[in-house]
Amino acid sequence: MYKVWMKFSFIWQEKQNVPNSMKQFYHFIVKEFYHIFRDRKTLFILLGMPMVQIIIFGFALTNEVKNTKITIINQSEGASAARLVQKIESSRYFELYSQSTDAAQIDRLFKKGAVKIALVIPNDFDPSIVNQNKGQLQIIADATDPNVATALTNYLSVIVQDFQKELNSNNTIPYKMDVEARMMYNPQLKGAYNFVPGVMAMVLLLVCTMMTALTVVREKELGNMEILLASPINPIKIILAKAVPYLLLSIINITTILLLSYFVLDVPINGNLFLLYAESILFIMVSLGLGLLISAGTDSQQSAMFISLVAMFLPTVMFSGFIFPIENMPLPLRIISNFIPAKWFFIIVKSVMIKGVGLKLIWKETLILTCMMLFFFGMAIKKFKIRLA
Amino acid sequence: MSPLRYILEKEFKQIFRNPAILKVIFVMPVIQLIALPMAADYEIKNINIAVIDRDHSSVSNKLVQKITASNYFKLVDYNSDFDASMELIENDKADLILEIPKNFESNLYKEKETKLFLAVNAINGVKANLGAAYMTNIVQAYNADFRIQTITPGRFNELPIFEISSTNWYNPKMNYKIFMVPGILVLLITIVGMNLSSINIVREKEMGTIEQINVTPIKKIHFILGKLLPFWIIGLVVISVGFLIAWLIYGIIPLGSYFTLYLFAAIYLLVILGIGLLISTYSENQQQAMLVTFFLMMIFVLMGGLYTSIDSMPDWARWFTRLNPISYFIEVMRMVVLKGSGIIDTGKQFIIMIIYAVVINTWAVLSYQKRA
Amino acid sequence: MHNKAIIVDKLSKQFGDFKAVDEISFEVAKGEIFGFLGANGAGKTTAMKMLCGLSMPTSGNAMVAGFDVYKDNESIKKNIGYMSQKFSLYEDLTVRENIKFYAGIYGIASAVIVEKTKQLLLQLNLEKEADLLVGQLPLGWKQKLAFSVAIFHEPQIVFLDEPTGGVDPITRREFWNLIYDAAAAGITIFVTTHYMDEAEYCNRVSIMVDGKVEALDTPANLKQQFNVQSMDEVFLHLARKAKRTE
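Protein chains in written order, with our numbering: chain B, 1 to 389; chain U, 1 to 372; chain L, 1 to 246.
One chain only, chain B, in its complex shape:
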């Protein structure tokens, strides 16, 4: 790798008639590349990160209900109750953990975490169906996780209603309104459509903001900054040179994410690929600017990491809209979310990649990111200049 670089740099110097300061700038960039390529562990993680995230989000994190353990308290000895139990047992959503007549079991099993839902069939279930045309059932959910509880209750209710229909199969219901739903953009309701843009934002922020901030601050902490600043090259260029390799790494990462999501997760790229890359590079620049700004204001790697984590990573996860819906948040948080670059990038990627819209519909978001980029770079350069003077 180094040899290729050396050769490349050699040809570059020989063949091109470039101004001296550009050559120096180029050498600084090459030096930064050496640092990154020599640290294999870091490089490995930086390039592996998007793959691992795509795999986790793509295959491990689902809210799908499947083989959930259920306990049935069956106090009825009738045939209908037995058929209902059988129907639940055979569904792919539930797995019968235990069956008993003792309702006190529920609390014990919930506390142990053995089951998440219980169905109680009372002892008058069968007679009541025959005599009163009515059957009463009780679903008890462990609602520590409200969402899971809601989902499980719904699924179990659907099975019970199906069973009811089976019992009534020779009758039809009059005056029926049906809802025919069409799922646009994502007919199979894949989670990937939502998280791929989110993963892109997270990875880019991590690589660009955190790594850039750490690299610059590291030089300060180790006292190398003074040596570099004593060289004749413009100090701003030295700092910018540190950001360039991360720009390149980020472009590789975007490509990895797009390839994986297209070929492995079957997420379409409906919009213009060139526009998608251009917008990604804009976001990378915003993140680099933020990283440089953080590094201008801190003196230790620990502080830089802490600020990157609190000021950039948590807000990105919270406010970009890819994990938590922004519209549910209280007003102050909704206002804060507007200052998070990732929110705008998330909207842009979703629009371009999945809805396939053009610049016409996302010019506003693009403009906001451009302003943020200019602001971060401007502030970072100003802060560095003050310190250097």
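Honestly, I wouldn't trust all of these hints.
Chain U is nowhere near these chain B residues, computed Cβ spacing over 12 angstroms in every case [what the hints assert, rightly or not]: (1) 90; (2) 234; (3) 237.
In silico EDC-like pairs for lysine to aspartate or glutamate, Cα to Cα no more than 20 angstroms straight-line [as the list claims (entries may be wrong)]: (4) B/364 / U/90; (5) B/190 / U/311; (6) U/102 / U/77.
Facing chain U, a subset of chain L residues (Cβ under 10 angstroms, in silico) [as the list claims (entries may be wrong)]: (7) 18; (8) 90; (9) 111; (10) 150.
Honestly, the hints are just simulated from the structure, not real lab data.
Predicted, not measured: the structure shown is a model, and the values here were computed from it.
Just so it is clear, CB atoms sit at the ideal spot from N, CA and C, and this is done for glycine as well.
Once you have looked at the hints, place chains U and L on chain B.
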């Protein structure tokens, strides 16, 4: 014991002189516990809906009223133009479109079966699914009302009907914050513990002070303990701050005992700090240590069952979560706080965590080499 | 045997294909000031680290303060002091706290630490700065402090790796006065340096070239042997043969 005293004294002084660490200890819990639960509200409400009413009948009007009266939907547009509604979806102004076809009312009376069309922006699959389900529920409820009013009274209904009542235990108000806060507490001490410990030894390496330590007759176990104990104490302080905030702001008091929680936290912290120290001894510089920590933590947290249930993961992922210390603590935390489980209920998790702590810390002591 | 502080016999250290230290042998007498010279990359620091128990030798033998470097490296550590090339006191601790910490891990009783710290601060003229963070001190002071900390536990031998790098001539002179004091107190001094005038202060010097000890004698004898006027010329004469560069 004596050398250990001096190491502890030194570590504490350094920690309290470092503004970055102090921020981690005191700012992090506040931000995470106050902002995150507010943001982390999965409950889907305020779904923006555009209605295309081509019927303009009394039945369709009443249906729209029912929809707007529910808490789930916000009517953003009411017209009869599909393209205009479609543009709202493209702009993210609307999440779903309900189309009521022409002759909806008359068909309902004549043919006794009618169709409504729903177009959902399904990029966010979960939201789309729930939105469609809510809508279906509203329509069905309206349908049932309509049927009861229309069918001639007095006619005996021969169909058996199941009455399902559902009860939600432990969290009857379905409060999402009660579910999230205990999990976030775990996240909090994990982030604090692992970050602080993982950059500690490697910082001494980068600064060159580690060599000076290695040339002294200090015992390895004393050195590792000296690094571990301060963060262990800080971790327990942080979790106490967390419990305090959970009580003050969210009114969360564990149903089970604080003793169980602290005992588990104490063992869990040893595991987390041990992992941090391992990262530290294997890293060459702080940047590398931070990146590795971040990477591991991200995997642990995402796969820890904080946001999505472990039960719905595929088998390989479930197998992986058995190695994930965070998932055990989140589980125990929720069991004790919400269900009041005791030490016996959580015995399995306690045993696994103790084994984990012993293995990791033995490894950390062994991996720290005074001589290269 | 009893009057030898260090005995080195064919000690080697290999990193992959690279022989950083190549079968060096020498002895250092008790109470001696031993100069360990060599160009950058000649293997001085690696050799020194093996003697201090920081680095495992690949082959050969060495006894330091009567202990074997392979088996008894922890016992060696009780009897030596070490000052590395890189400044290694804690910059975020005060002068007093640094002394207390290092003294503490050598197991010195706390009453003794308090008493000796007082004397040391007086001797170094650092009483006013005792409660300043070390990071705020000028480099020369830091280095004198680092040396004093390295011999605080009264070791038999102290290893100094380029202790005077980057400081002004006056401070260097003061530093060497500290070394003479320590030697007078019976501590064996093992020192590497780049400054040839400092080599003249040593009882004996060895010169390493490409991992091997090329010369070993008193400065006067070496000058005579190579028929030159100064240690500088002795050094240049030997170092010119080096194939390795940094």
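Inset, instruction - Compare the structure with the hints numbered earlier in the document and write down the numbers of the violated ones, lowest to highest. - result: 7 and 9
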